[in-house]
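Asker: Next come the chains, spelled out residue by residue.
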Amino acid sequence: MSATFLGMPAFPRNAARAVGDSQLRFNLRKATRTIRGRRAAMVGEVPGWEELRAAGRQIKDHTLRHLDRYLLQLEEAVARAGGRVHWAADADEANRIVAGLVEATGETSVVKVKSMATQEIGLNEALAARGITAYETDLAELIVQLGDDLPSHILVPAIHRNRAEIREIFREKMAEWGRPAPEDLTDEPRALAEAARLHLRERFLSTKVAVSGANFMIAETGTLVVLESEGNGRMCLTLPETLISVVGIEKLLPTWQDLEVFLQLLPRSSTGERMNPYTSTWTGASEGQEFHLVLLDNGRTRVLADEVGRQALRCIRCSACLNVCPVYERVGGHAYGSVYPGPIGAILTPQLRGTDSGASAPPGGMPASAAPAPGGRMPASATAVSRGRMPASATAVSRGRMPASATAVSRGRMPASATAELDASLPYASSLCGACYEVCPVAIDIPEVLVHLRAKAPHPRAERLAMRAAGWVLDRPVRLARAQRLSGRLRRFVPRRLPGPAAAWTDTRDIPDIPAESFRDWWDRTDGGTR
Amino acid sequence: MRVALFITCVNDTLFPGTGRAVVTLLRRLGCEVDFPRAQTCCGQMHVNTGYPREGTRLARHFADVFAGYDAVVTPSGSCAAMVREQYPRLARTAAAAGRPASSGTARDAGGRAAGRTAPPSFAEEVAALVPKVHDLSEFLVDVLGVTDVGACFPHRVTYHPTCHSLRGLRLGDRPTRLLEQVRGLELVPLPGAEECCGFGGTFAVKNPAVSAAMCADKAHNVMATGAEVLCAADNSCLMHIGGALGRQRAGIRVMHLAEILAATESGETAAAPAGPAARTRTAPATRPLSAPAARTLAAPGGATPAGPAAGTPPEPGPAAHGRTGEER
Amino acid sequence: MSSRDLILSRVRAAVAGAPDVPHTGPRAAPAAAGERTVELFAGRVADYRAVVHVVEPAEAAGAITAALARRAAERVVVPGGLPEEWAHAVRAHLGDGAVGDDPPLSAAELDAACGVVTGCAVGIAETGTIVLDTGPRQGRRALTLVPDYHLCLVRAGQIVPGVPEAVAALDPARPLTWISGPSATSDIELDRVEGVHGPRTLEVVVVR
Chain A
1 MSATFLGMPA FPRNAARAVG DSQLRFNLRK ATRTIRGRRA AMVGEVPGWE ELRAAGRQIK
61 DHTLRHLDRY LLQLEEAVAR AGGRVHWAAD ADEANRIVAG LVEATGETSV VKVKSMATQE
121 IGLNEALAAR GITAYETDLA ELIVQLGDDL PSHILVPAIH RNRAEIREIF REKMAEWGRP
181 APEDLTDEPR ALAEAARLHL RERFLSTKVA VSGANFMIAE TGTLVVLESE GNGRMCLTLP
241 ETLISVVGIE KLLPTWQDLE VFLQLLPRSS TGERMNPYTS TWTGASEGQE FHLVLLDNGR
301 TRVLADEVGR QALRCIRCSA CLNVCPVYER VGGHAYGSVY PGPIGAILTP QLRGTDSGAS
361 APPGGMPASA APAPGGRMPA SATAVSRGRM PASATAVSRG RMPASATAVS RGRMPASATA
421 ELDASLPYAS SLCGACYEVC PVAIDIPEVL VHLRAKAPHP RAERLAMRAA GWVLDRPVRL
481 ARAQRLSGRL RRFVPRRLPG PAAAWTDTRD IPDIPAESFR DWWDRTDGGT R
Chain B
1 MRVALFITCV NDTLFPGTGR AVVTLLRRLG CEVDFPRAQT CCGQMHVNTG YPREGTRLAR
61 HFADVFAGYD AVVTPSGSCA AMVREQYPRL ARTAAAAGRP ASSGTARDAG GRAAGRTAPP
121 SFAEEVAALV PKVHDLSEFL VDVLGVTDVG ACFPHRVTYH PTCHSLRGLR LGDRPTRLLE
181 QVRGLELVPL PGAEECCGFG GTFAVKNPAV SAAMCADKAH NVMATGAEVL CAADNSCLMH
241 IGGALGRQRA GIRVMHLAEI LAATESGETA AAPAGPAART RTAPATRPLS APAARTLAAP
301 GGATPAGPAA GTPPEPGPAA HGRTGEER
Chain C
1 MSSRDLILSR VRAAVAGAPD VPHTGPRAAP AAAGERTVEL FAGRVADYRA VVHVVEPAEA
61 AGAITAALAR RAAERVVVPG GLPEEWAHAV RAHLGDGAVG DDPPLSAAEL DAACGVVTGC
121 AVGIAETGTI VLDTGPRQGR RALTLVPDYH LCLVRAGQIV PGVPEAVAAL DPARPLTWIS
181 GPSATSDIEL DRVEGVHGPR TLEVVVVR
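Residue numbers (our numbering), protein chains in the order written: chain A, 1 to 531; chain B, 1 to 328; chain C, 1 to 208.
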């Protein structure tokens, strides 16, 4: 792909390109519809689902309200159980900490469990810069990594790829990373999964350091929880001598028993199963392992400061909202320019990056240790750091079909203005149909947050003027009536295809006839239809 | 019962026939219908596009205009949902910002409130207003307690529930229960009914490619039903889907739920003897495409030359009104 | 200021003045352990395409032997603390092929084993889940992870109705592994395939 992808295109441009990719649309449609049906069946089978959902929401809200207290409690519990806790205010700091811990072991490679947090901070690239190779072990992440691609879905990062494409990636790239794909590899999912098993087997048995995220952390006990399906998570959590977990501070739950709610909500919402194949929990250093927990802020406290927007921190990354979203279904994840695509990404990304206030945000490069700004606003440092240093996923928008060199360039820093433009467009990447809210297991009112962020986004000048004019007309009934009469008189001169922004409508749809007489004029003339 | 009609700015300007149908229908069911002339717009477009200040001003105006009524009925699920879901939020925000709420709303509210003693706050007005605002089908089924409204419409109809009716207002099966009682009407299910048509207000203009793709899928599903008429409780969505159906010469017309419920035996049979489908399918060939007057929203032929639905009150004349009458 | 203090101060500034939210939300009432718990559990395990048998206590040893014979397993790991009756069944069938984990087997040795026979800590009827807690009868986590075949014996008394009861019964200080069917992936076109990195075959014997 061309260098145009290096600048961050805004969502509508990305979306238009994606909509034109018929293979992508076919893959997405098939996948999202399959999982949608499965989720509906599994949720339908739980009689108290709405109560569970309310409980999930309330526990999360309670935790967020007292996050400082629970973080301290967690820190103490992890330390008591032999783990070490590190605090990372932003992506750079988290990457530095992890790289330092790996270097201290003397190792030059790590195996990774699929983790959104480490993607968010661009850990793999940061480790590579220090000579450490990170091997992704989740099948979909492996497909993405081998294909020099970007994840396009929270749960199924290679959802945009079909079996034939995956077979090609395996055949071409596995040898570069380790054991090559079998000569006679077919595109049967079973054969592809077997190839991944063989490719990673030796790696699991020999690698000494693993990096993971976590789905939940329990403040009371210091326990971490990872849900997965393939067993790659168990391999990484169990076999290596050192385990480093990078976890967002919002992943806390107060008590062990709280887990009962989320272990019911998450699998059914996410993979559409009663329970995912494997859930691992561990507390501190287990079975002789060395354990490090890196607690990550990276913009989360800024989200927390927004009264309406903070509900996005309830998210348990199930991806149900992606699977029901009509916009996501048609454009896929790359158009969102973030590791968090879909409806949740549209509200989380601009808030985490701190560009929700748009072009007026300060440019990158601010010092990272600024104290909290007055009025509860988050310091500019987090804004700057997260904006200037987005991981690769944020920058590239094609489906990974760009040459490796372009990807490499895009994995570097990009201008904050480009991120700002994308982020300003994300809250509009929704028709506000409400399907996301309906399926959210922790009842995040995504449409509410979208509308809230739209109010904070910078608006194009022409739109501002048009909205102001419309507001002026609608402010007084007499003005509205006059405008209606004027349009009624001009109605015969409206062309079938309109110029400018209105062409967006008339390219594919007729516009309605403008009636000669408005309802209010009819009402007046006929005295409410009685004359 | 005395009912205030909130026509909505879109219906007022573009679809007056829907308003006339609501008036006809409610009067037939024994309601006294009032049309508060001061009404303009609920403010949804402004709020949902990111202009809460302008939206709040319109919301305050709405609250003032409809404060005195027992019931406010609107033929728009979307606008009803706006009042119910977003007005309380706007009121909270205004309250949090202190009084006067914000620079835009303050002048306005202050001006109106000047003559009163102890005017109710916006939040109080909203709290009183919200339970009284009903979408048409809600009002018919829940408040009036009717599902058979005495309508007759002998056509094959499919119903699109629209997002804000389905997930915002949770109208459930109220609209289809009403349609099932219409004499002669054959209701055919719409595949993927719960999916958004892609209108989304300014979404259609801000994300035209995605919006068009969603609309194309919806139109495809509508055509697959073999229905003559696509019905919904929101003209905005109908305008969108109908625009695509019209462009594709699908020969399917779109009608607001109110227009079907207002139709009666005498009117319908007199007005549309050939049936809407037969008429609209020939329309492209017989209409000069270049003449704007010949254009219509998705071939609206079926309604009567005298009005959108048979049984509407006396009409001034076929050529004068609505989206009917003008297409030929 | 340390990052720890910075983050904590940001958190405090962010939630200052926010209304409190009580912790305890509505919870589903605990399900009653009914007559059908064993049948429900067996059915739900089978839904994951695991192999399930429900046997009387006297039949347990026979079920183990039969399962290992079907599998044609030659080298099977037997964790310490497996009830003598079950361990004996394995040894009687495999002789030297029954290997213990003391001293601990290396990852390569585990990889060379055909399978593992264990008990469990808890079974969950509602979800068909087995929970291991590295306690007696189960061994450390790697034993049930690296070999390709896992034969797990669940006593009827260990089965609880639902997830809340399981959470309450388990000790978070121990490393836990919740297993619901064999390892699986849906990463390719959301087509579910059983068997990736974990044991590709899970066989469960429920002992009444």
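Treat the hints with care, as some may be off.
[To be verified] Listed next, the stretches of chain A that the computed footprint assigns to chain C, with coverage defined by at least 3 CB atoms under 8 Å from CB atoms of chain C:
1) 12-20
2) 110-123
3) 450-457
4) 471-484
5) 489-497
[As the list claims (entries may be wrong)] Just some of the chain A residues that point at chain C, by a computed CB distance under 10 Å:
6) R65
7) L71
8) E93
9) G131
10) I132
11) G233
12) P267
13) R300
14) D306
[Said to hold, decoys possible] Computed list of chain C residues with no C-beta within reach of chain A, every gap over 10 Å:
15) T129
16) G157
17) S180
18) P182
The hints are simulated quantities; they were obtained by calculation from the structure and are not laboratory data. Glycine included, each C-beta is placed from N, C-alpha and C at the ideal position.
Asker: With reference to the structure, classify each hint as holding or not holding.
Answerer: Structure-based check of each hint:
1. With 0 residues carrying a beta carbon less than 8 Å from a beta carbon of chain C, the stretch 12-20 of chain A misses the three-residue requirement, and the given coverage is violated.
2. Counting residues of the stretch 110-123 of chain A whose beta carbon lies closer than 8 Å to any beta carbon of chain C gives 0, which falls below the threshold of three, so the coverage claim is violated.
3. Judged by the Cβ-Cβ criterion of 8 Å, the stretch 450-457 of chain A is not covered by chain C as claimed, because only 0 of its residues qualify and three are needed.
4. Under a criterion of three residues with beta carbons nearer than 8 Å to beta carbons of chain C, the stated coverage of the stretch 471-484 of chain A fails, only 0 such residues being counted.
5. For the stretch 489-497 of chain A, the stated coverage by chain C is violated: 0 residues have a C-beta nearer than 8 Å to a C-beta of that chain, whereas at least 3 were required.
6. At a threshold of 10 Å, the smallest CB-CB gap from A/R65 to chain C is about 5 Å, leaving the interface hint in force.
7. Checking A/L71 against chain C by beta carbon gives a least distance of about 7 Å; that is within 10 Å, so the hint holds.
8. Taken as an interface hint, A/E93 checks out: its beta carbon lies about 6 Å from the nearest beta carbon of chain C, inside 10 Å.
9. For the restraint placing A/G131 at the interface with chain C, the shortest Cβ-Cβ distance is roughly 25 Å, beyond the 10 Å limit, so the hint is violated.
10. Violation of the interface hint for A/I132 is found here, the shortest Cβ-Cβ separation to chain C being roughly 22 Å, above the 10 Å cut-off.
11. Look at A/G233: its Cβ gets to within about 9 Å of chain C, closer than 10 Å, so that hint holds up.
12. The beta carbon of A/P267 comes within 8 Å of a beta carbon in chain C, closer than 10 Å, and the hint placing it at the interface holds.
13. With a cut of 10 Å, the hint placing A/R300 at the interface with chain C holds, because the nearest CB-to-CB distance is about 9 Å.
14. Contact between A/D306 and chain C, as hinted, is supported at the beta carbon level, the nearest pair being about 8 Å apart and thus within 10 Å.
15. With a minimum CB-CB distance of about 5 Å to chain A, C/T129 fails to clear the 10 Å threshold, and the non-interface call is violated.
16. With a least beta-carbon separation of about 21 Å from chain A, C/G157 lies farther than 10 Å from that chain, consistent with its non-interface assignment.
17. Consistency note on C/S180: stated as away from chain A, yet its beta-carbon is not over 10 Å from all of that chain's, at 4 Å minimum.
18. The claim that C/P182 lies off the interface is violated: its Cβ sits roughly 7 Å from the closest Cβ of chain A, which falls inside the 10 Å cut-off.
The structure shown violates the earlier hints numbered 1, 2, 3, 4, 5, 9, 10, 15, 17 and 18.
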